[in-house]
Amino acid sequence: MILTKLVNRVSHEQANQAISYASHSLVTEGFEVTHEDKNFVRSVLTGEQTEAQFHRAIKMKFDV
1 MILTKLVNRV SHEQANQAIS YASHSLVTEG FEVTHEDKNF VRSVLTGEQT EAQFHRAIKM
61 KFDV
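In the UniProt record's numbering, the protein residues as written are 1 to 64.
In case anyone wonders, no lab produced these hints; they're calculated from the structure.
Because the structure is a prediction, the values reported are computed rather than measured.
Check the hints yourself; a few may be wrong.
[What the hints assert, rightly or not] Here are the in silico distance ranges between beta carbons for each label pair:
(1) S11 <-> D63: 14 to 24 Å
(2) D63 <-> E13: 26 to 36 Å
(3) V64 <-> E13: 26 to 36 Å
(4) V10 <-> H35: 16 to 26 Å
[Claimed, not checked] Keeping only pairs whose Cα atoms sit at most 25 Å apart, straight-line, the calculated SDA-like set for lysine to any residue is:
(5) K59 <-> S23
(6) K38 <-> D63
(7) K38 <-> E51
(8) K61 <-> E51
(9) K38 <-> K61
No residue lacks a Cβ here, since even glycine has one placed at the ideal position from N, Cα and C.
Please build the complete structure, drawing on both the sequences and the hints.
Take a look at the structure:
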C-alpha cells in the first residue's frame, strides 16, 4: 500500500484558519465537529498524516 502525504501542506496557522471556517460552517448546518475531528484534519493539512490515513479514518467513522 502506498501512503502519500499531502503535497501542498499548509502552515499550522493556515490550517487553523481553514478548520475554523469549515467547522463553523458545518456546525451552522447542524453537524457536530469535535476537537478530535479538528486535530485529525489539521494533521493531514500540515502533512503529519497521509491522505490515505484520512480516508480510512473517515470510512471507519461513518461505516462506509
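Checked hints:
1. In this structure, S11 and D63 break the distance hint of 14 to 24 Å, their C-beta atoms being roughly 33 Å apart.
2. Take D63 and E13: their Cβ atoms lie about 34 Å apart, and the range 26 to 36 Å holds.
3. Range check, V64 to E13: Cβ separation about 32 Å, and the 26 to 36 Å hint holds.
4. Range check, V10 to H35: about 19 Å between beta-carbon atoms, so the 16 to 26 Å window is met.
5. For the hint pairing K59 with S23, the CA-to-CA distance comes to about 19 Å; that is within 25 Å, so the pair holds.
6. Restraint check for K38 and D63: the C-alpha separation of about 19 Å stays at or below 25 Å, so the hint holds.
7. Between the alpha carbons of K38 and E51 the distance comes to roughly 15 Å, so the proposed pair stays at or under 25 Å and holds.
8. Under the criterion of a C-alpha separation no larger than 25 Å, the hint pairing K61 with E51 is consistent with the structure, at around 15 Å.
9. The straight-line distance between the Cα atoms of K38 and K61 is roughly 14 Å, inside the 25 Å bound, and the hint therefore holds.
Going through the hint list in order, the structure does not satisfy hint 1, though it satisfies all others.
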